[in-house]
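Engineer: For reference, the chains in residue letters:
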Amino acid sequence: MTGGMIPGGWNFVVAAYSVTAIVLAIYGATVISRLRAETRRNHD
Amino acid sequence: MNDNNRFPRLPWIVLALGIVLLAIGSYIGLFVAPPEALMGQVQRIMYVHVPTAWNALLAMTFAFVCAVIFLFKSDWKWDARMEAAIEVGVVLAFLLCCQGAIWAKPTWGVWWDWDPRLTTTAVLLFAFLGILALRKFVDDPARRAIWSAVATIIAYVDVPIVYYSVRWWNSLHQLQSSPATVSRQFWLPLRMNAFGILFLMTAFIMLRARVASMRLKHELAPPPALGGTV
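Protein sequences, first through last, are from chains A and B. 18 is the number that our numbering gives to position 18 of the first sequence; each next residue is one higher, with no gaps. 153 is the number that our numbering gives to position 153 of the second sequence; each next residue is one higher, with no gaps.
These are computed hints drawn from the structure, not numbers from a lab. One thing to keep in mind: the hints can contain errors.
What the hints assert, rightly or not - Covered stretches of chain B (in silico footprint by chain A; criterion: 3 or more residues with CB under 8 Å from a CB of chain A, positions within the stretch not fixed): (1) 47 to 56; (2) 93 to 99; (3) 105 to 117; (4) 142 to 149.
Said to hold, decoys possible - Chain B residues, not near chain A, derived (Cβ > 10 Å throughout): (5) I28; (6) V42; (7) S74; (8) A127; (9) L129; (10) R135; (11) I154; (12) N170; (13) S171; (14) R184; (15) R191; (16) L200; (17) F204; (18) K217; (19) H218; (20) L220.
As the list claims (entries may be wrong) - Short derived list, chain A residues pointing at chain B, Cβ under 7 Å: (21) G4; (22) M5; (23) I6; (24) G9; (25) W10; (26) V13; (27) A15; (28) V19; (29) V23; (30) Y27; (31) V31; (32) S33; (33) R34; (34) L35; (35) N42.
Every residue, glycine too, gets a C-beta built ideally from N, C-alpha and C.
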């Protein structure tokens, strides 16, 4: 008996936080790389 | 057009602040806050899911504001800001759908359901994704800016529908919480992550707007004079 509480669930928690970190990190990296490329192009 | 370069270090400071807040908020949410009485450990997903939802809608609201201002003032910096806000809003809306699916499986027993909140959020994601696609396919900067500003205003109609969908229709999704209905132990990580993602979103929009501004500068520059004589 779990008293109505959903048992376990840590794997879903880890998955949600990992997806959040990965998506934000990848997007941040693409923005920074595009910014560097445009800055280089502006200086050329 | 490059007025957001007046403070070149500001986006990096905001970005660092966002990372720190999100890291501390997530630590508290994962290891300090107690499990919720019914959802148990799964409720910890709320500390990233709810702030992502708030900030996705905020990014799209900013895109809407930029679209309106661009149509009135025809100032290119608002077009660059609109492009940035739409892109960041799409990333957050995509993340929101992923987090929601991961939360839905253990609580509802399914990854996805055509529930009003989920359906209107998916419509929002694809509508703004379509605007980004539109911007890719239109070469003329003036047409691209006007068409995407109008499309943004039309797509924005879905934002209040997403927000009120849980009140207007029978929905599996729970109603919005308020500080009065959330225990203090829960709202501390929730608020820290909300400000963490807000700062990250702001920094991404500022940096992405710089990229769009620099591209626009190239596109709007007069073509180089031809050499030689006729």
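Engineer: Each hint: holds or not?
Structural biologist: These are the hints, each one checked on the structure:
{"no.": "1", "hint": "47 to 56", "verdict": "holds (count 3)"}
{"no.": "2", "hint": "93 to 99", "verdict": "holds (count 4)"}
{"no.": "3", "hint": "105 to 117", "verdict": "holds (count 3)"}
{"no.": "4", "hint": "142 to 149", "verdict": "violated (count 0)"}
{"no.": "5", "hint": "I28", "verdict": "holds (13 Å)"}
{"no.": "6", "hint": "V42", "verdict": "violated (4 Å)"}
{"no.": "7", "hint": "S74", "verdict": "holds (23 Å)"}
{"no.": "8", "hint": "A127", "verdict": "holds (19 Å)"}
{"no.": "9", "hint": "L129", "verdict": "holds (14 Å)"}
{"no.": "10", "hint": "R135", "verdict": "holds (14 Å)"}
{"no.": "11", "hint": "I154", "verdict": "holds (25 Å)"}
{"no.": "12", "hint": "N170", "verdict": "holds (22 Å)"}
{"no.": "13", "hint": "S171", "verdict": "holds (20 Å)"}
{"no.": "14", "hint": "R184", "verdict": "holds (21 Å)"}
{"no.": "15", "hint": "R191", "verdict": "holds (17 Å)"}
{"no.": "16", "hint": "L200", "verdict": "violated (6 Å)"}
{"no.": "17", "hint": "F204", "verdict": "violated (6 Å)"}
{"no.": "18", "hint": "K217", "verdict": "violated (7 Å)"}
{"no.": "19", "hint": "H218", "verdict": "violated (7 Å)"}
{"no.": "20", "hint": "L220", "verdict": "holds (13 Å)"}
{"no.": "21", "hint": "G4", "verdict": "holds (6 Å)"}
{"no.": "22", "hint": "M5", "verdict": "holds (4 Å)"}
{"no.": "23", "hint": "I6", "verdict": "holds (5 Å)"}
{"no.": "24", "hint": "G9", "verdict": "holds (4 Å)"}
{"no.": "25", "hint": "W10", "verdict": "holds (5 Å)"}
{"no.": "26", "hint": "V13", "verdict": "holds (5 Å)"}
{"no.": "27", "hint": "A15", "verdict": "holds (5 Å)"}
{"no.": "28", "hint": "V19", "verdict": "holds (5 Å)"}
{"no.": "29", "hint": "V23", "verdict": "holds (5 Å)"}
{"no.": "30", "hint": "Y27", "verdict": "holds (5 Å)"}
{"no.": "31", "hint": "V31", "verdict": "holds (5 Å)"}
{"no.": "32", "hint": "S33", "verdict": "violated (10 Å)"}
{"no.": "33", "hint": "R34", "verdict": "holds (5 Å)"}
{"no.": "34", "hint": "L35", "verdict": "holds (5 Å)"}
{"no.": "35", "hint": "N42", "verdict": "holds (6 Å)"}
Checked against the numbered hints given earlier, this structure breaks hints 4, 6, 16, 17, 18, 19, 32; the rest are met.
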